[in-house]
Amino acid sequence: MAISVDTVYRTVLLILNKESRGYLTPDEYNKIGTQVQLEMFNEYFEDLNQQLRIPENDSEYSNRVKNLEEKLAVFKTPPAIANYNPGGYFNLPTPSAPSGQETITSAIGQNAYAFQVLQAAQVSAGTLEVFFDGVLQTENINYTISPGGGFINVLPSPTTVFVINVVLYENDFYKIGTVIYDDELEVERVNRNDFLYINMSPLTKPSTEYPVYIFEKNNLYIYPTTIKSDITASYLRKPISPVWSFTISGGYVYDPANSVDFELQSTEQTALVIRVLAYAGVVIRDPQIIQAAMNKIQEEKVNEKS
Amino acid sequence: MGLINETNQQYYAASQTIHVINAGINELQYTFDASMKLYSTSSWSPSDLDYGKNNFIFEYSFTGLDPYTPVNVAYTVTNNLIVLSFATDFSLGYFRVRLKETNYGDYAGVSLKSIVNNFIVAYIGEGKIIPSAKRTDVIFHAKRGMQEFSYDTLKSIKQQELSIPNTLSVILPQDYVNYVKLSWVDDLGVKHIIYPTRLTSNPTDMPIQQGDNGVPIQDEYGSNLQGTPIIEERWGNADDRRISGSYYPDFQNAGINEYAGNRFGVGQRYGANPETSTMNGWFTVNEREGKISFSSNLVGRVIIFEYISDGLAYEKDMHLPKLAEEAMYAHIAYSILSVRANVPEYIVQRFKRDRSAKLRNTKIRLSNIKLEEITQVMRNKSKWIKH
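Protein chains in written order, with the numbering used here: chain A, -10 to 295; chain B, 50 to 436.
Calculated from the structure, these hints are not laboratory results. Please note that the accuracy of each hint is not assured.
[What the hints assert, rightly or not] FRET-style restraints, in silico, Cβ to Cβ:
1. 401/B to 194/A: 51 to 59 Å
2. 401/B to 46/A: 28 to 36 Å
3. 163/B to -1/A: 52 to 60 Å
4. 287/A to 180/B: 43 to 51 Å
5. 420/B to 67/A: 54 to 62 Å
What you are looking at is a predicted structure, and each value in this text was computed from that prediction instead of being measured. Heads up, the beta-carbon is just placed ideally off N, CA and C, and yes, glycines get one too.
Can you build the whole structure from these sequences, using the hints too?
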């Protein structure tokens, strides 16, 4: 259950306007909301680590480890297929639905083609699948993307006319979870230096029964290298940025259809409001708000961790 | 839920039949414990050269009665699911899979893979003595445990039946770690133990050529020149009767009514040295050549070579008797804790004692002592044992 972006905004505005302290514009609120959501999301991992090191209780609703796991559950993505790259590694799973695509027709002798539909920033941040006449191509062998993401360069120069189809998947990857081979075997993560020794010992050498992987450059290097398919990986995705969308009609009017709620668990609503308030205090330059919010945050932290 | 998933037919007949009663079905899910494997993507075809290398036979009968005929339509196998390429090509009927290898008696063992998985599930995790451990570490200690258990705990004796050639030596088996016993077998199939001898030995290095004054001679590269083995040649040509003192014909059978067997079987040469007076011959381990060498009287004899391996040589070896499963868990737990930093010594000692006790229990279990069998042997000694 997500937290309504509108409820939080109205609550924040209510507190801010109590004594006509100031006003937070929707744009400011959206940016602060994104920042706060990511901040709280990042803290879950440290909190979980801390809680795992102390004895836990077995109660139904007050088990801190369980509660933190529940908060993270929204962002856990079930195992999805990781595609093999001829470069000898597996790409991270991409979201099943593409976020955009563009079709370009090649011209004989022309290498570079500018994207007209896809945004350069999206291209450089996302994952691409490029097809020439419907056949999947390999980056750096059949094509390259310009550093800013504005162009695609076809390698080598086309000698015929064909259709270039570029499919964009927004990269929502945050942390790798479990890598699975053949639907049932966990692939163990090892570091490069460990791998050298593991690979040399006949007792621990990776096999199809006990495969291992190295995670480098956001790619999965699976060993033994005979494994070229049947790899899936679960991962933790990034929270989607909240958007308080509006129409202007004598003022800002909330537009629920184009708004995006906070993805945090509903139990986080009060903490979320307080943290947004703290940043809002900075925006409107009100030390009282900042102080009050920070005290409240500190109070909660002490309570949660003691 | 019980641990046995296979039906009686799957176990005893190593086969499973699926009766297709609806048209259009092209997926057949079999439920063997073993994994059905096609040798290649084209080996489904009975005319394919690799058809015989599949580990199963897939056949069809309309009535469910013999004869079944091999299915001659392309299919794939994944996780024991057979997917036929053309459902409509088949009429209704019975589809039978016969495995080429049975798994008789496999229930007595547990695979090393299961040991590793079970250990990770039950012994490693938050709130347990081992909060986290790499799977690689668990695998390493499990395999080391398998080796150690194979040397002195498990019934891991392997046996080879061999004939002794004119060269009087046989090559050590590929998975040889140490010998247990060598015996030659007479015409009745009875074993006669061949003992190792101290009378001779096989030099670990080839003989060195010496000059007149005894100094080794070197070749143009500065290395000592090698000669031909003299000791082994003399031992190979030796007439063992001059060592054992036997001038009677060998008795080939262990039958108690055999005249020669009677004379030697009861032992009439008082004061003889058993080590040298044996008629069963001797053997030595030739480390230099990786062979077992025998005395000349054993040439042409059939022998049984019993030896131990380390339990890791072949996939089928990587099974542990269930009677030793708990000892293996204790071994892995102790091995992990003993090399880990900041584990209190009393915890390490507790697991050490636990391992030791469980290993002792396992040895007792695997020694397979049965009271009836002991009394049967002891009756021969005119001793009265109640049971």
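task: Any hints from earlier that this structure breaks? Give me their numbers in increasing order, please.
output: 1 and 4
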